[in-house]
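Could you build all of it, start to finish, from the sequences and the hints given here?
Residue numbers for the sequence shown follow our numbering, so the first one is 1 and each next one is one higher.
FYI, nobody ran anything at the bench for these hints, they're computed from the structure.
These figures come from a predicted structure and were not determined experimentally.
C-beta atoms are modelled at their ideal positions from N, C-alpha and C, and glycine is treated no differently.
Mixed in with the good hints, there may be bad ones.
[Unchecked claim] Pairwise CB distance ranges, derived in the manner of DEER restraints:
#, residue 1, residue 2, range
1, R33, L59, 37 to 43 Å
2, F27, V65, 14 to 20 Å
3, D39, R85, 31 to 37 Å
4, L59, N32, 33 to 39 Å
5, L59, K82, 29 to 35 Å
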Amino acid sequence: MSAASTLLWFCLVVRAAAAAYPRHILFELGLNRGQTLSDLLTATSEDRNRLKPLLSTLLGGQPFVPSQWCVQGFEANPVFAKQLRSLEESISNAGFCVRLNT
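Here it is in structure tokens:
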């Protein structure tokens, strides 16, 4: 295999691997019950979630596309741990990238 074909193969592999990763990461600190996260990824009403328009504005007017995001959430209060584990499981099962740390 020539150096050029090796480089091309490597670039294709890296590009394919990168396509599997989200384009953006959102850190949510202080999840509480996870209502904002749940609304962000599942609610259809813009009235219910004010974060979508904000993210769209920050992205230069591009629409919020959940599949392009990975959410890392944090909550220090153990009272919410069981509910957040359930939320993380249901959101992950729906195909979204999410990791909630309690």
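Violating hint indices (sorted, rising): 1, 3, 4
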